[in-house]
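Participant: The lines below spell out each chain.
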Amino acid sequence: MSPRAAWRLETLGFSRVYDYTAGKKSWGSFGLPREGTSVPERTAGDAAQGNVPTCALDEPLADVRERVRAAGWDTCIVLNEQRVVLGRLGRKAAASDRDESVEEAMTPGPSTVRPSIGTDALLERMRPRNLTSYLVTTPDGRLVGLVRRDELE
Amino acid sequence: MPQSIDHTEVRRLIAEEGAQPVEVLPAKEFSEEHIAGAINIPLKELGERAPLELERERPVIVYCNDYQ
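Quick mapping for you: the protein sequence lines, in order, are chains A and B.
According to the numbering used here, the first sequence holds residues 1 to 153 in order.
According to the numbering used here, the second sequence holds residues 1 to 68 in order.
By construction, these hints were calculated from the structure, which means they are not laboratory data.
There could be a bad hint or two in this list.
Calculated lysine-lysine pairs in the PhoX-like style (CA-CA distance at most 25 Å, straight line) [claimed, not checked]: (1) K25(A) x K44(B); (2) K44(B) x K28(B); (3) K28(B) x K25(A).
Pulled a few chain B residues facing chain A out of the computed Cβ check, cut under 10 Å [said to hold, decoys possible]: (4) A15; (5) E16; (6) L43; (7) L46; (8) R56.
The structure presented is a predicted model; accordingly, all values stated were derived computationally and were not measured.
Note that beta-carbon positions come from the ideal geometry of N, C-alpha and C, so glycine has one too.
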């Protein structure tokens, strides 16, 4: 629909017309500001803690564990240079003293949600699965942060 | 010729060039959810309302739900 609108505006004499073809669904999924009666009051993007520890695939696991513990966390998100989520070091991996690589220790492809989901809807998703936290990423997989269930309840 | 742009360029055009985001879906869908700061001119009403409600000197960004 928006391409037709863009061309119609040109016929009306508007010279600088742009078409945001991805539309408002994509806008919301990147956590960008929205208004309206169905927009959740608080979203996963609002609740996400962006200071969750992160590490690279090739970092020494012992160093990562030390850094995670020192920061008072029990999890670490494995990212590439583009901040795309590759995996997650869970509580056991972050606490273990086994001699292995980040790549071996991580859980690959963790489940994620978009920043636009409301916190109520996110809680409904977490409770049946007994999940204590959820990763929030943009549609292209970049880390926004981590939402903890105990902070939503 | 209208240019297709992504969300990064939408943000830049609004912030730096005072672009006018326009949702062309019906009013009900607009009231439920829209880009913050956008105005609503449904596609069928563009011919009548755009010349009255939009400034020709500023860029105009049209959008709907998605690429469909």
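Participant: So, for every hint listed, does it hold in this structure?
Facilitator: Now for the hints, and whether the structure bears them out:
1. Restraint check for K25(A) and K44(B): satisfied, since their Cα atoms lie roughly 21 Å apart, inside the 25 Å limit.
2. For a cut-off of 25 Å, the pair hint linking K44(B) to K28(B) stands: about 14 Å separates their Cα positions.
3. Under the criterion of a C-alpha separation no larger than 25 Å, the hint pairing K28(B) with K25(A) is consistent with the structure, at around 16 Å.
4. At its closest, the beta carbon of A15(B) sits 12 Å from a beta carbon of chain A; the interface hint therefore is violated under the 10 Å criterion.
5. Interface hint status for E16(B): violated, as the beta-carbon distance to the closest one in chain A is roughly 13 Å, over 10 Å.
6. Nearest Cβ of chain A to the Cβ of L43(B): about 5 Å, under the 10 Å cut. The hint holds.
7. With a cut of 10 Å, the hint placing L46(B) at the interface with chain A holds, because the nearest CB-to-CB distance is about 5 Å.
8. For R56(B), the suggested interface contact is upheld, since its CB lies about 6 Å from the closest CB of chain A, less than 10 Å.
Going down the numbered hints, you'll see the structure goes against 4 and 5, while the others check out.
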